[in-house]
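Protein chains: 2
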Amino acid sequence: MTVNGHSSFTDVDRKAVNTIRVLGADTVRKANSGHPGAPIGCAPMAHVLFTKYLKANPTNSHWLNRDRFILSNGHGSALQYVMLHLLGYKMSIDDLKSFRQMGSNTPGHPEVHLTDGVEVTTGPLGQGISMGVGLAAAERHLAATFNKPDFPVVDNNVFVMIGDGCFQEGVACEAASLAGHLKLGNLIVLYDANNIQIDGEIDLTFTEDVNARHESYGWHTQTVEDGDSDLDGIAKAIEAAIAVKDKPSLITIRTTIGYGSQNQGTEKVHGVPLEPKDIAEMKKKFGFDPEKHFHVEEDVYELYAAVRAKGVQAEKEWNALYSKFAEAYPAEAAEFERRLIKKELPKDFEKLLPVYDPSGPQVATRVASLDCLNALTPVFPELFGGSADLTGSNSTGYKGKTEFQPDGNKYGNYAGRYVRFGVREHGMAAFSNGVAAYGGIIPFNATYLNFITYAAGAIRLSALSRHQVLYITTHDSIAVGEDGRTHQASENIPWLRALPNLYLFRPADGNETAGSYAQALKFREGPSVFAFSKQNLPRLSGTSADKVAFGAYILSDVPKPDVVLVATGSEVSLIVETAKLLASEGIQARVVSAPCLELFAKQSLDYQRSVLGEGIPVVSAEAAGTFGWQKWAHVSHGVDWFGASSPYELIFKKFGLVPDVHAQRVKKAIEFYKIRPVPALIYDAQELLGKVVFDD
Amino acid sequence: MTVNGHSSFTDVDRKAVNTIRVLGADTVRKANSGHPGAPIGCAPMAHVLFTKYLKANPTNSHWLNRDRFILSNGHGSALQYVMLHLLGYKMSIDDLKSFRQMGSNTPGHPEVHLTDGVEVTTGPLGQGISMGVGLAAAERHLAATFNKPDFPVVDNNVFVMIGDGCFQEGVACEAASLAGHLKLGNLIVLYDANNIQIDGEIDLTFTEDVNARHESYGWHTQTVEDGDSDLDGIAKAIEAAIAVKDKPSLITIRTTIGYGSQNQGTEKVHGVPLEPKDIAEMKKKFGFDPEKHFHVEEDVYELYAAVRAKGVQAEKEWNALYSKFAEAYPAEAAEFERRLIKKELPKDFEKLLPVYDPSGPQVATRVASLDCLNALTPVFPELFGGSADLTGSNSTGYKGKTEFQPDGNKYGNYAGRYVRFGVREHGMAAFSNGVAAYGGIIPFNATYLNFITYAAGAIRLSALSRHQVLYITTHDSIAVGEDGRTHQASENIPWLRALPNLYLFRPADGNETAGSYAQALKFREGPSVFAFSKQNLPRLSGTSADKVAFGAYILSDVPKPDVVLVATGSEVSLIVETAKLLASEGIQARVVSAPCLELFAKQSLDYQRSVLGEGIPVVSAEAAGTFGWQKWAHVSHGVDWFGASSPYELIFKKFGLVPDVHAQRVKKAIEFYKIRPVPALIYDAQELLGKVVFDD
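Quick mapping for you: the protein sequence lines, in order, are chains A and B.
Counting from 1, position 255 in the first sequence corresponds to residue 436 in this note's numbering; the numbering is continuous, with no gaps.
Counting from 1, position 250 in the second sequence corresponds to residue 431 in this note's numbering; the numbering is continuous, with no gaps.
Check the hints yourself; a few may be wrong.
Facing chain B, a subset of chain A residues (Cβ under 8 Å, in silico) [stated by the list, open to error]: (1) Gln282; (2) Arg605; (3) His668; (4) Phe704; (5) Ser826.
No farther apart than 20 Å at their CA atoms in a straight line, the calculated lysine to any residue pairs in the SDA-like style are these [to be verified]: (6) A:Lys449 <-> B:Gly578; (7) B:Lys278 <-> A:Leu831; (8) B:Lys426 <-> B:Ala325; (9) A:Lys211 <-> A:Gly578; (10) B:Lys426 <-> A:Leu831; (11) A:Lys196 <-> A:Lys465; (12) B:Lys449 <-> A:Ser574; (13) A:Lys855 <-> B:Ile863; (14) A:Lys211 <-> B:Ser279; (15) B:Lys834 <-> A:Ser285; (16) A:Lys278 <-> B:Leu831; (17) B:Lys449 <-> A:Gly578; (18) A:Lys449 <-> B:Tyr592; (19) B:Lys834 <-> A:Ser574; (20) A:Lys849 <-> B:Ala861; (21) A:Lys834 <-> B:Ser279.
Bear in mind the hints are in silico, worked out from the structure with no lab data behind them.
All C-beta atoms in this analysis are idealised placements derived from N, C-alpha and C, irrespective of residue type, glycine included.
Using the sequences provided together with the hints, build the complete structure.
Here you go:
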């Protein structure tokens, strides 16, 4: 596809730019909340980009081969909403008037699942550009995978608008370094260099040379000195950036924040609506009627209608190209459609997952995870990812993996599927969100469980934005052993459980590992985190891949249990042994494995009661913080401190997570409840809550 | 103080270098766990640095004016332990033999609270260098504060050793950018550029120009091509770096990982002990007896003894200088000693904290926090910090603040105390850890509660390393309102509560805010996080600064409560109103405010029972995830989803956190327990746990 060549701009263009400015000001003013500075200051670059270079069809925001636009400085959301309106997306003037109101499609920061034409959720700084790197990588990978000579069915750019704040965030530094390594020439970043951040002028704290830094990463850089009015200069720079195919591009565009406002060029216009009088003056300055609000003149609408028509035409041409492609390459087209349009998983993939017989040797769940990857990757071409420089430890180096590297690189090319993220956990997670946002790919990534909090900002966005990202974490407890306290974050499991719309799987053995993969792959509307063991674990009798779907299930039962023992992951074998010890003393224990408490919480109350029992004390064991277990157990044992550095068996002993100590503790619990009523857990946790609809 | 000038090295120096290498190899081999590659490869730079340039007294690791050394690549811990042994710190050969064993002072990664001579805890990549920036800033600030003409009582450098991994981490990028802005000439970084990371050669993923990047931040950079044997080259570079006073320095030193091993120069020597045969060959190659383990020849010990003697002498000279300083400036010396030696807080500071009369106007707790800062900062010169570009929103811009900036900067100088962190949350937290590690300063920092997870890696280290860091977070709930879901992390409060050795304060009003500051300032052995409201809150009757010490307390009581309502922060006024509504229907409710559940958990069981009652249902309300509340309440209400974008009152309504809805829910709870026994909460949570000693 081609985009318009460089052309000079008319008075209507300049009127359109000013229209963006006053619409942005009106929108923020009406909400009495929001950020007018960026929308006003970025109007020129937005106009140039959207009218001349961004290939998109506003009447079909899901056109697969559209260019992607990301507003990394998401607080400038009014700009994006105004552009969507002018271009003819599903964004009415009334929607602009509902900016930042309950239930509107114009929330304070752009949210991908709420608004037509928004590609990713932004606002938390640094995330947008980092997702842009993922989107660009996804495009390069899908292009390398599907394109044929004369059939560039995947062929688009990723444009990112960004402010100073994003550039200061480490996640953006990580992603930019990776983008330079990957030579993502389809990534073009427009930097709104307005010299102002919330605290004042950026030289209070940010005096680095941003262009030079990006050059050190291998980026192409340019500077446009007058971003307030030099539309041709902006256009020329974007064209030059598009022409550079083997490097990501940064265009530093010097602008005046809140251009036209009486406080232009200061932090005062950053995050507070302009006063009505100020807006009126601004409108006069731009030649508009100060009495008119949310007003767009006809010739401006007409200009954008022409852009829209061009977009409709572009999709039409692509559809024609795609038809011919599908004719010439029916198998490839079927796969393209499965992945990108129907979004179907490969048929019957569960049947390929490994099954572990209890008689076999011990296996770490991280190794079982590798078995799963080995089984799945051949039939799941959409599995795409890697590790933050822990390929061996995370057991993500599956058989026959091909390296995702820039074309011409000695290790691989863009058709490869294994990503070397480097020690960049946060960038890795944000990259994965971008890949997921592109579509047609299920990204996975990996690190130690301890270090997943480095990526917390991006993981929250995975959940909020409903991105299917598979987070493989290994070394999931004090069993890390000798590496010590710095590598044993007992609080990470509670944190992940507290995060909405995320599944945490902590499987007990190989079979549950396989079941966890099946569930995570079927959960298309959010991220899953796997917590896998470093150490070998026994193969357990009665574990089941299928039962992982229930979140928790009875592993072994007795006719009249005195106690219910529940555990996850490596501690399931602990409670199995504990139950044997107790049985030798005539105490009958039910054993429950709970690989995913989030899935368990979704089961019927009847099922939950059938597992945890009624009137029987429930005792949990997990080599993690006990925080939150009180919902499911009467007594909880775990690791409520920092761990230790030693061979791991001694650390388990230190925390009492060994069968003899655990059996003693369980007996105490039974004794305690002999003379007291055993409170119902299931009732307590659920029936009393008022109904809140979680649908947005 | 001066350090040795550049001098050429002898054969004993070269023998010492090889001694470090084989001792490192022996140490890792004995533990059968650890990372030999870095200790072996970095031996030359370590030897040069420690023998010629690092000003320190091994017989007194706490000498205040010592240079600070940080092993940012903490997995190379064996190197640091070997150096500490050779130099004569409290590190015996037996300690080296106990590497990575339970209870030893030689854990897998260096931990400041366990080992004499270790300045900060490292291992999580990127943290060490970022703390180094904080240490260097602390030195510059204390020097500017205390030094007098002819009395440079604070005058030291910060040396950081670092590998590729740390440079890939965003936190290190943030901190390095800030260090460049701050012109921290006392920060000197030695980069072990061995071209290898865990996955293989770094060009798999890391192809940026590290020196050029740091130049873009304003750093001075150099390269030493042969870091394996060119001791003079390393020395010359360190001298040049020391001579540069207005820029941080990066020295890229090209080395061979695992130099001397049969697998040198490959990832195979990174993280697995060398085979005994390999070590034997290495020893032969270096001219050592392959049969001897943990052996140090006398002349090598003598060389380090001379270095130690030099260090003893350096402290002696400083002590003399300090005595004269104390004579000439007794008031300054008394303050120096209060802050850095006795580590006392200003006397009776609690009396200065603001008191809020219930009759006054509503006040947001973030504004009450500003009142506290205004009251405290004049008498607490050790309060030093700022915000991640949210000074206004976080209300940290206290009266009379002076800007911490490089000398000569238009905004301020090193004597200033207000730090402009920029939008660098993770770097800010790690910087704060470094400042705390220096001593004599209580660092604070600030961002929105939503974004504190960006800094999770460093916050965990605050807690693990016992650093007193005050984390001010504001906009602590859905009351953020219009900014929407991207800014309303309901999971962050549960996460912080799950993190050991950290206090989370969520005060209900101004008085509790004052009490939270008092408690946080008195908690010298770990971090505190404040969660402050954006919105105005009523001044409540009965709140007390003093009672915050109990963590939770009865705000208002009735003779025979039907229910206990408990809440934190902004929801305390909700339950006060709810109690009134219930009273109007004849239902009697006790109202409990719980500003700090961690402090409450430390109270006696009797006290806990006296607050939460026995046999009475407890219902909690908090505008955060309910995860974990099950420990303290029978029924919990909160925000178990992502929030919304709208004026905040509507969001509270959406989640049912308004008096009429909450009253309905409370009545359901009372009804539920009318026909069932009310389980004891205090017993359940505590008495059944086996005793685990949390002392390391």
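Each hint, compared with the structure:
1. Below 8 Å, beta-carbon pairs count as interface contacts, and A:Gln282 has one with chain B at about 6 Å; its hint therefore holds.
2. Checking A:Arg605 against chain B: minimum C-beta separation of about 5 Å stays under 8 Å; hint holds.
3. Satisfaction of the interface hint for A:His668 is found here, the shortest Cβ-Cβ separation to chain B being roughly 6 Å, below the 8 Å cut-off.
4. With its C-beta approaching chain B no nearer than about 17 Å, A:Phe704 sits outside the 8 Å limit, and its interface hint is violated.
5. The beta carbon of A:Ser826 is positioned within 8 Å of a beta carbon in chain B (closest approach about 3 Å), and the interface hint is therefore held.
6. Under the criterion of a C-alpha separation no larger than 20 Å, the hint pairing A:Lys449 with B:Gly578 is consistent with the structure, at around 16 Å.
7. With a C-alpha separation of about 18 Å, the suggested pair B:Lys278 and A:Leu831 falls inside the 20 Å cut-off, and the hint holds.
8. Taking the CA atoms of B:Lys426 and B:Ala325, the gap is about 14 Å. The hint holds against a cut of 20 Å.
9. A threshold of 20 Å between alpha carbons decides the hint, and for A:Lys211 with A:Gly578 the separation of about 54 Å lies outside it, so the pair is violated.
10. Between B:Lys426 and A:Leu831, the direct Cα distance comes to roughly 49 Å. Violation of the 20 Å bound is thereby established for this hinted pair.
11. Taken as a hint, the A:Lys196 and A:Lys465 pair is honoured in the structure, with Cα atoms around 12 Å apart against an allowance of 20 Å.
12. Restraint check for B:Lys449 and A:Ser574: satisfied, since their Cα atoms lie roughly 13 Å apart, inside the 20 Å limit.
13. Proximity of A:Lys855 to B:Ile863 is assessed by CA-CA distance (about 17 Å); at most 20 Å being required, the pair is judged to hold.
14. Distance restraint check for A:Lys211 and B:Ser279: the Cα-Cα separation of roughly 68 Å exceeds the 20 Å cut-off, and the hinted pair is therefore not satisfied.
15. Between B:Lys834 and A:Ser285 the alpha-carbon distance is near 16 Å, which keeps this suggested pair within the 20 Å criterion.
16. About 18 Å separates the Cα atoms of A:Lys278 and B:Leu831, which keeps this hinted pair within 20 Å; it holds.
17. Restraint check for B:Lys449 and A:Gly578: satisfied, since their Cα atoms lie roughly 16 Å apart, inside the 20 Å limit.
18. Distance restraint check for A:Lys449 and B:Tyr592: the Cα-Cα separation of roughly 19 Å lies within the 20 Å cut-off, and the hinted pair is therefore satisfied.
19. Our distance criterion of 20 Å between C-alpha atoms is broken by B:Lys834 and A:Ser574, whose separation comes to about 47 Å.
20. With a C-alpha separation of about 16 Å, the suggested pairing of A:Lys849 with B:Ala861 holds against the 20 Å cut-off.
21. Simply put, A:Lys834 and B:Ser279 have alpha-carbon atoms about 19 Å apart, close enough for the 20 Å limit, and the pair holds.
When held up to the earlier numbered hints, the structure conflicts with 4, 9, 10, 14 and 19 and fits the remainder.
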